[in-house]
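Quick note, the sequence shown lines up with residues 1 to 651 if you use UniProt numbering.
Calculated directly from the structure, the hints in this document are not laboratory data.
Since we're looking at a predicted model, the values are computed, not measured.
Among these hints, one or two may not hold up.
To be verified - Pair by pair, the computed Cβ-Cβ distance ranges are: (1) 440 with 277: 49 to 55 angstroms; (2) 534 with 364: 34 to 40 angstroms; (3) 559 with 220: 23 to 29 angstroms; (4) 573 with 335: 40 to 46 angstroms; (5) 347 with 542: 29 to 35 angstroms; (6) 250 with 440: 18 to 24 angstroms; (7) 294 with 45: 46 to 52 angstroms; (8) 574 with 542: 18 to 24 angstroms; (9) 265 with 534: 35 to 41 angstroms; (10) 558 with 366: 39 to 45 angstroms; (11) 578 with 522: 30 to 36 angstroms; (12) 506 with 535: 37 to 43 angstroms; (13) 576 with 542: 42 to 48 angstroms; (14) 534 with 451: 28 to 34 angstroms.
As the list claims (entries may be wrong) - Derived pair list, reagent style DSSO-like, types lysine-lysine, alpha-carbon separation capped at 27 angstroms: (15) 246 with 372; (16) 246 with 46; (17) 243 with 504; (18) 428 with 571; (19) 292 with 46; (20) 571 with 46; (21) 72 with 277; (22) 72 with 372; (23) 72 with 292.
Cβ coordinates follow ideal geometry from the N, Cα and C atoms, glycine included.
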Amino acid sequence: MGEKIIHSSGDIVLRNQAIADQDISGSDDSEREEDENTVRGNWTNKREYLLSMIGMAVGLGNIWRFPYLAYKNGGGAFLIPYFIMLICLGVPLYFLETALGQFCSQGPINTWSAVPLLQGVGMAGLIGNVMVSIYYGVILSYTLYYLFASFQYPLPWTNVLDGVNCTSPQHVAVNVTSMSVSNWTRENRSCTTSNITTSLTEQYWDQVVLQRSSGLGETGSIVWQLALCLLLSSIIIAAVLLKGIKSSGKVVYFTATFPYVVLTILLIRGLTLEGAKDGIDFYIGSKSNLTKLAEIEVWRDAATQIFYSLSVGFGGVTALSSYNKFQNNLVVDTFLICIINCATSIFAGFAIFSILGYMAHIYGIPIEEVTKEGFGLAFIVYPAALANLPISPLWSILFFLMLFTLGLDSQFAGMELITTCLHDAFPKYIEKKRALIAIVTCAFMFLLGLPCVTQAGIYWVTLIDHFVAGWVVLVIGFLEVFGIFYIYGGRRFITDIEMMIGTKSVWFWLYWRLCWYFVTPFVTLIILVLSLAMSIPPTYGTVEYPAWGLDLGWCMAVFCIVLIPATALYKLAGAQGSFRKRLRLLCSPSEDWHPYLDVHRDKVWISSHQRRCIPLGIPGNCLEPRNCLGPRATTRGPPRAQKKKKKKIAP
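Assemble the whole structure, with the sequences as input and the hints as a guide.
Pasting the structure below:
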């Protein structure tokens, strides 16, 4: 903190005049804004920050997970628990993580200097993010593979592979060789259309793309096509992150907006197809089932989808928000990003189910038989539907390019989180080596992803997704709220926020206090318990995982969580004094908990003490006179009351 020099006018000046003279006003939309924080840097403008946050939040889960959950859990009725969980969980947690990063301009590990005992929460989020980024990079390689394959006519997955069997309605095996979808549906009806509609693309997915082995224990060789696609995606990410947020902020102008263009085109095209109305009815229309709201699984799915789609818990929100200017209006940002994210999920469902309805119509089967989630929707069902459209390669290129850009935005945030934590830990060594750190980080993640592009790779991807991206984030979310509002102090944190956005009324904070103190931690804990109690072993299709595979999955999840108590014990062992004194010390903010710039640090300290004064406009009129900061005060901390010396009485 800069040394104060008191002028005759009573103004406080900082020793670091270069920092003190910087403009600390809120963010401007000007393309050539100067950085407020010249050490860490800031977003070039507000648009780049918002597009980056939207790109991180709006990911593959909005396209291939939410529509299926809505269909499975009562259609339009699912929106009721979904928006309730958004208000009770999503918005409060998103605002909390945004405020933490913006206040101290640090990543998710260093922000826990507010409660040093829980610094392991940030470390758990970082490790979880690394694991999720591994399989997210592999999914990007899948989308690149399909994108390149789409530059063929006819599409390669429209031909049955040699030697593949189909089952007729009478369960008689019929051998099919080298026959296209269109020829089969016109000339040979002995095989059920429901099998044909999925079997062709499923064969291509399993036997050509994945070259899938029989199980997790059969690793097989590396699928070199996927490895090359993984390498290409890693190179793209490294190139984008060479200059950190300064370069990635430019790329998101395309990657964050292009998916909306494609979704709109797909929706318009889908609505012109026969059967589209039936698909939309199944998704969110007249067939909505309100009785589903009585099932606890519906509420659990709504809560987990909120965590999954908003990307809270792993630290990406905190990392990207740490590059905001100190007085950025984070309240507006929070609501805007959360609303856009949820609206995108709903909008994507219309685009997806309109075409699934068309698919069910042309094959004459119930829509339930073509509806899947995750990989089944993105790489099996939807490609089959696109293959039946005129100019099918064009639609396929648009669809998989959209998936690639969606995943790319989320991966940008995941990799930026890693580099941010490294920069915060070793600022002197990394400041001028950002490009090298980005390249090394992406190369390291590429190597970690190689086991996931073997013939058993899809089993590893499913295992990580089930154990790490599931209940681990619920534990982190609960501890975030508990640590800040029950240990650091809710009033203190609200005061910190008001330093950034200005003083707000009691009514403004009523919703936030209610959620942060009671609703959010309580609901998160309930969902966590339900997720553990209702957990079932993961499978990939009909393939079950061996016992050692499940144990390994639990070890990955426990490894993330065990960092929290391990870090707490390490800090307790390193502190001095009795156990009670150590615990009390580690539950109090450390000296590193403050705004990054000196000018903001002083404003926070002055304002926090002025708040104790009665607002009568009279200098020195305080509830606690000895703690009041006068207009010419020169102290760096609260004045201590001087003890009166007792006069010695001569005997």
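We went through each hint and held it up to the structure:
{"no.": "1", "hint": "440 with 277: 49 to 55 angstroms", "result": "holds, 52 angstroms"}
{"no.": "2", "hint": "534 with 364: 34 to 40 angstroms", "result": "holds, 36 angstroms"}
{"no.": "3", "hint": "559 with 220: 23 to 29 angstroms", "result": "holds, 26 angstroms"}
{"no.": "4", "hint": "573 with 335: 40 to 46 angstroms", "result": "holds, 43 angstroms"}
{"no.": "5", "hint": "347 with 542: 29 to 35 angstroms", "result": "holds, 33 angstroms"}
{"no.": "6", "hint": "250 with 440: 18 to 24 angstroms", "result": "holds, 22 angstroms"}
{"no.": "7", "hint": "294 with 45: 46 to 52 angstroms", "result": "holds, 48 angstroms"}
{"no.": "8", "hint": "574 with 542: 18 to 24 angstroms", "result": "violated, 51 angstroms"}
{"no.": "9", "hint": "265 with 534: 35 to 41 angstroms", "result": "holds, 39 angstroms"}
{"no.": "10", "hint": "558 with 366: 39 to 45 angstroms", "result": "holds, 42 angstroms"}
{"no.": "11", "hint": "578 with 522: 30 to 36 angstroms", "result": "holds, 33 angstroms"}
{"no.": "12", "hint": "506 with 535: 37 to 43 angstroms", "result": "holds, 42 angstroms"}
{"no.": "13", "hint": "576 with 542: 42 to 48 angstroms", "result": "violated, 58 angstroms"}
{"no.": "14", "hint": "534 with 451: 28 to 34 angstroms", "result": "holds, 29 angstroms"}
{"no.": "15", "hint": "246 with 372", "result": "violated, 39 angstroms"}
{"no.": "16", "hint": "246 with 46", "result": "holds, 12 angstroms"}
{"no.": "17", "hint": "243 with 504", "result": "violated, 37 angstroms"}
{"no.": "18", "hint": "428 with 571", "result": "holds, 24 angstroms"}
{"no.": "19", "hint": "292 with 46", "result": "violated, 41 angstroms"}
{"no.": "20", "hint": "571 with 46", "result": "violated, 38 angstroms"}
{"no.": "21", "hint": "72 with 277", "result": "holds, 18 angstroms"}
{"no.": "22", "hint": "72 with 372", "result": "holds, 10 angstroms"}
{"no.": "23", "hint": "72 with 292", "result": "holds, 9 angstroms"}
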